[in-house]
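J.: So the chains spell out like this:
Protein chains: 2
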Amino acid sequence: MKEIFFNADHSPIGAFSSFTLGYPGAKGGLGMELGKPADQNVFIGLQTADGKYYEALPFFDYSEDESKRFDIEKLEQGDKPSVLVWFDKNCVTRQFNLATDTWNAGDLEFKIYSPIRSVPDPEKSIDMEMKKAIVPAVFAEVTVDNTGNKNWRRVFIGYKASIPNSGMRKIYINDGQICGVGEGRNTAIVSKGENVRVANGFSMEDILGNQLVENWTMTLGNCGALILDIPPGQKVTFPVAICFYRDGIVTTGIDAAYYYTKFFRNLEDVAEFTMNNFNDLVDACKEDEKLIEGYNLPDAKKFMLCQAARSYYASTEFLCYNGKPLWVVNEGEYRMMNTLDLTVDMLFYELRMNPWTVRNVLDMFSERYSYEDTLRFPNDNKEFPGGISFTHDMGVINNFSRPGYSSYEMYGKTGCFSHMTHEELVNWCCCAFGYYNATNDLKWMDKNIDLLKSCFQSMVNRDAPDAGERDGIMSLDSSRTMGGAEITTYDSLDASLGQARNNVYMAGKCWALYVLFDSLFNERGMMDFAELAKAQARKCVDTIIKNSDKKDYIPAIIGEGIEAAIIPAVEGLIFPYIAGLKDVVSENGPYGDYIKLLKKHIKAVMKPGICIFEDGGWKISSTSNNSWPSKIYLCKFIISDILDIDADSFSKDADEVHKSWLLRGENAYWCFSDQFILGEAIGSKYYPRGVTNILWLYKK
Amino acid sequence: MKEIFFNADHSPIGAFSSFTLGYPGAKGGLGMELGKPADQNVFIGLQTADGKYYEALPFFDYSEDESKRFDIEKLEQGDKPSVLVWFDKNCVTRQFNLATDTWNAGDLEFKIYSPIRSVPDPEKSIDMEMKKAIVPAVFAEVTVDNTGNKNWRRVFIGYKASIPNSGMRKIYINDGQICGVGEGRNTAIVSKGENVRVANGFSMEDILGNQLVENWTMTLGNCGALILDIPPGQKVTFPVAICFYRDGIVTTGIDAAYYYTKFFRNLEDVAEFTMNNFNDLVDACKEDEKLIEGYNLPDAKKFMLCQAARSYYASTEFLCYNGKPLWVVNEGEYRMMNTLDLTVDMLFYELRMNPWTVRNVLDMFSERYSYEDTLRFPNDNKEFPGGISFTHDMGVINNFSRPGYSSYEMYGKTGCFSHMTHEELVNWCCCAFGYYNATNDLKWMDKNIDLLKSCFQSMVNRDAPDAGERDGIMSLDSSRTMGGAEITTYDSLDASLGQARNNVYMAGKCWALYVLFDSLFNERGMMDFAELAKAQARKCVDTIIKNSDKKDYIPAIIGEGIEAAIIPAVEGLIFPYIAGLKDVVSENGPYGDYIKLLKKHIKAVMKPGICIFEDGGWKISSTSNNSWPSKIYLCKFIISDILDIDADSFSKDADEVHKSWLLRGENAYWCFSDQFILGEAIGSKYYPRGVTNILWLYKK
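In the order they appear, the protein sequences are chains A and B.
Letter 212 of the first sequence, counting from 1, is numbered 212 in this note's numbering, and no numbers are missing.
When you read off a place in the second sequence, starting at 1, and then add 1000, the result is the number in this note's numbering.
Watch out, some of these pointers could steer you wrong.
Listed next, the in silico DSS-like pairs over lysine-lysine satisfying Cα-Cα at most 27 Å (straight line) [stated by the list, open to error]:
id, chain 1, residue 1, chain 2, residue 2
1, B, Lys1262, A, Lys36
2, A, Lys582, A, Lys534
3, A, Lys262, B, Lys1262
4, B, Lys1111, B, Lys1235
5, A, Lys447, A, Lys534
6, A, Lys124, A, Lys382
Restraint-style ranges between C-beta atoms, simulated for each label pair [said to hold, decoys possible]:
id, chain 1, residue 1, chain 2, residue 2, range
7, B, Gly1148, A, Glu469, 55 to 63 Å
8, B, Gly1248, A, Asp283, 29 to 37 Å
9, B, Gly1248, A, Gly525, 50 to 58 Å
10, A, Ser82, B, Met1128, 55 to 63 Å
11, B, Glu1666, A, Ile4, 39 to 47 Å
Computed footprint of chain A on chain B, listed as stretches where at least three residues anywhere in the stretch have a Cβ under 8 Å from a Cβ of chain A [stated by the list, open to error]:
id, segment
12, 1212 to 1225
13, 1244 to 1255
14, 1273 to 1286
15, 1562 to 1571
Derived from the structure by calculation, the hints contain no laboratory data.
Cβ atoms here follow ideal geometry from the backbone N, Cα and C, with glycine treated the same way.
Chain A on its own, in the form it takes in the complex (with noise of 0.2 Å):
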């Protein structure tokens, strides 16, 4: 298949929404809370210059005539032929960046414009500002050329109903200056201008062939269309609003709405409000397409990074809770809420965009998701002092889970589904320290000062019971695993990556914090503190150090036999290097003899049969197929701009290669997709992480 049809998403911020399109078939469509595309049959289509035939996008399959079902007679007539076509596949060209996407076939023309932007911070922002940020709705301008032809033309776009309880609907605004077709309440494509009518019908040929335009106006059909007749020698171009709304509280556990409820009242209201901002709204989006100009990205870095974006986008959900701002991104095709092993990874992209949402996330989590509990060494039931950490998530598909637990940690594990208790400590911290060091938001920080401390007071008891025997490295698993044992973000991986205690990954992270909790410490005058955690650092590096003697790479987990080698060593290095400690990650730093470990152990696993695929794909473990491209994006980011190694010597065509997984074959449907083996996306699919990538825009 050409390249060009892939999914992608276009969605409103903060929506958890998206109009997804590219894929061929019903694959796409405008889809509302869910997990994947919403399979929709979507028409964009324009009639032949001949007047005989009408070709579309090929965003349809092509369906049985749907009146059957009332109409028993007509199943012993012999079906006609479809006057609606697809274009000729390889006559369809597609311009896909990062805010617009425009399709090209015979004289049409589809441009589809998305908000790829900041979300103003809402105690600070103008509501008209923010209006405009958060419209639930996406914009698209349909071109017709018929300057060289004699004939009028009928140009349409409309969509196939599919959600089970509702059909679809005629919408007209202000007299039927703005008109359009919805489902239900929820969805609607509208359109404004007189010549623009709406039609429905049991299918787009049933529209499109029918005899007389007065059955336009029927309702009973699922099909809705917006038409436009084009006049001979023209050229004509219309607005389009894909607009989605879901009124009143739409979560269980806590009772929120969408923040978007504040400023609209119904679908209607965000169709005539899009409708009389198009042009501003439009151009905003062109403004967005500039965030990845002048950094001279290669194409298949540019299209990762425009697909992670839009992907996240589509995963994230403005709600309003108790009055105040609640900021959520769901977890892909898993839909868990603020999962804080993504936060983590997302937090580069928040940073950078809308840092107030970070704030959010991680008060949510100390007021909420919080909790304390005891420790265990491995088969010993005896339990020593813990601490603080937070939930995994905060519930899945809007159902808040109950406080202090979240939707996917169960007990008596040690693989999936087992508890992140130290991973998600360390997260929220890593968070934390992200946040402060890119706002400077003291208030913040003073009223958190105390939870930091418990936080590192919990890391430390981790470590040992006993002072003397700590080594920097996770020793104990929390209580809450019941007798089994906590896991990592690495969830489906093997123990290399998925295993907590005594893993690399974990040891990085948490060197990482403990470095930070030494100069935060420090900053704040409490000087014991800041001794414990610099102990705590130089503990951690010499243990990893140590378990690397003899060795030209760092053994994954620390002390058990696990001799894997792992990329992600590395990872706990990019949240000193954001806080700017720009000493404590280089060579001649204070922790030199571990960035040259480091150095030496990514030299030594970058290599083929190793950690890089046959492809020349980054394999994150050297014993799982289990890639992830967001941890790559990261890793790589890391090896090149941090540890300054050539990342690309490794495997010359990496990211190309990283660029084919997400187009090959089924896996174009899915968007973004975050888990691949051998180059099959087998899960976190249509997943909001890939914008570690972002990453590729901070300047060294």
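Start from chain A and add chain B according to the hints.
T.: Frame of chain A; chain B shown alone:
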């Protein structure tokens, strides 16, 4: 398959919801606003006496383990044998009644109570009475007889979420005194009692097979269940409520909410009210059961009456619009709202149960869904004065159509989807007379007498523009057909019943109305109109008689050479009959000649090869194999109770045959269906119209 495994609706009144159960597999469940069962997995089961397995009623599919989606390593392991199996279907028994439905298997009993009851008139009822009648829940009792056993046994009831943007959650009310599992904010199964626990899992097997019950607390899985452990030697019954809720405005076109939202804020409110009033609510259903007592109905009739009433309530939607009640019955699988040609058949049920709903629907039709047309003779563009009529419906799937237009009626058609102008004019009048005669609501009649006069005039105009040309039979089609032809409610049949013009089914209803107008105008002292009405009635009868000259039956279409024989030639008789005009429908009355002809007609056509199928079922038209149970019930009542013919003599086992149609193969999935071709349900599935069989409870 054993004859007990058919789906039946268990529905609150007016909530457009159904807890559907009975067809094996994931074929029932908690459906809201659907045109079919929810197709969910429902788990109602009990641990075996030896504790090794769990047996459940066969209402779920053996599903793949959903956790594999998260943990790909699992894919490489073999599947374990399931701990959850279906009860041997041969050991399951069912007692299916009007308001109760009881399943027994082994030591388990599951009994569902549904309200089959009057809806209080909102203008006259007190809140508590209304709340109890329309609380959006149905009720059940689970009984486990563990008296003969020495082990604890676990019993469970649960289901798997299936709404695309909703997951399974837990519900705790009043510190867990009431608890349950629910799908988003829309459906729930709840119970009460300190020993009842709630569980979540990826599957029911997952919940039952789990080693640590602590893992029931997770919320990532799509399956939820109530769990109770039954002590050895005890017999325990616990109450269950199956709850439905949809908040806010649910319609488009006009903005209406469910009437129950006046009393219940959310699903939790519904659950709490139901549990706190459980005994009253169950007792009321037991009282409902008495509706059909004392009639000595044979089993087949009883079965059909129960199914029809249940499917009717599943389609009811009691709304609040502009602060006032708005009664809607949805049209089964098609979900058109208040289809007027269904209303006229459901009239007999609603007049018996809650005549105010008939008034409510009549008023909405006259206020928003009436229109004026002009008329044309076939193949002639000249327009003649028409008059008022009413639309086919008020919209579809919660989308109210614009004023004066239905969702269904199209232009330039001669078959299905054409206009039903005369059909619906007649139906509105039939309902109006039915309501007035049942209630003697003079206030309503005073308000509507002018409208009825207009209706009468509109009918007369459709006979012929020139008074001298009138023959009592429809001769002109509405200009709304734009050169097409009007159809009747029998839209999917051939011309014998499908064409409105000159149809003797239509003629019979017109005659009935002329007779009723005659009576009404007399009562009101409008003697000129009365005389005209009587003249029209006479003309109608004379025309029918003349056209049956030299035949032993009445041909379906008068004067167009269509010689089919149709049973619904008798339909009109029901309306003067229920109005108490017994002489009018008597052989010895003023229309005795007509009545005698109808008797002759019936005796002539009710024969195998004409209007009796080979299987003994009734065939409403000799030229179509498509036959409709609702109309059969109606006509059979007319034939036996009005025409005084032994209707069973034509086909001794006809009731059994019609019952067997509902139960045959996949037909049993659809609860009640109303279009059968040779016993196969091919349309009008999941349909409310079968309640014409309430006539079996009208004493002779």
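J.: State, for the Cβ atoms of glutamate 1666 (chain B) and isoleucine 4 (chain A), whether the hinted interval 39 to 47 Å holds or is violated.
T.: The hinted range 39 to 47 Å holds for glutamate 1666 (chain B) and isoleucine 4 (chain A), with Cβ atoms some 43 Å apart.
J.: Can you confirm whether chain A covers the segment 1212 to 1225 of chain B, using C-beta to C-beta distances below 8 Å and requiring at least three such residues?
T.: With 7 residues close enough to chain A, the hint holds.
J.: With 55 to 63 Å as the target window, see if glycine 1148 (chain B) and glutamate 469 (chain A) comply at their CB atoms.
T.: holds, 58 Å
J.: How does the Cβ-Cβ distance of glycine 1248 (chain B) and glycine 525 (chain A) compare with 50 to 58 Å: does it lie in that range?
T.: Between glycine 1248 (chain B) and glycine 525 (chain A), where Cβ atoms are some 54 Å apart, the hint holds.
J.: Holds or violated: lysine 1262 (chain B) with lysine 36 (chain A), Cα cutoff 27 Å?
T.: violated, 36 Å
J.: Are glycine 1248 (chain B) and aspartate 283 (chain A) spaced within 29 to 37 Å by their CB atoms?
T.: Between glycine 1248 (chain B) and aspartate 283 (chain A), where Cβ atoms are some 34 Å apart, the hint holds.
J.: Between lysine 124 (chain A) and lysine 382 (chain A), does the CA-CA distance stay at or below 27 Å?
T.: violated, 50 Å
J.: Between lysine 262 (chain A) and lysine 1262 (chain B), is the straight-line Cα distance small enough, at 27 Å or below?
T.: holds, 23 Å
J.: Count residues of the segment 1562 to 1571 of chain B with a Cβ under 8 Å from any Cβ of chain A, then say if the count reaches three.
T.: violated (count 0)
J.: Given the hinted pair lysine 447 (chain A) and lysine 534 (chain A), is their alpha-carbon gap at most 27 Å?
T.: holds, 23 Å
J.: Against the 27 Å threshold, does the CA-CA distance of lysine 582 (chain A) and lysine 534 (chain A) hold or violate the hint?
T.: holds, 16 Å
J.: Please work out if lysine 1111 (chain B) and lysine 1235 (chain B) have their alpha carbons no farther apart than 27 Å.
T.: holds, 15 Å
Hint compliance for this structure: hints 1, 6, 14 and 15 are not met, and every other hint is.
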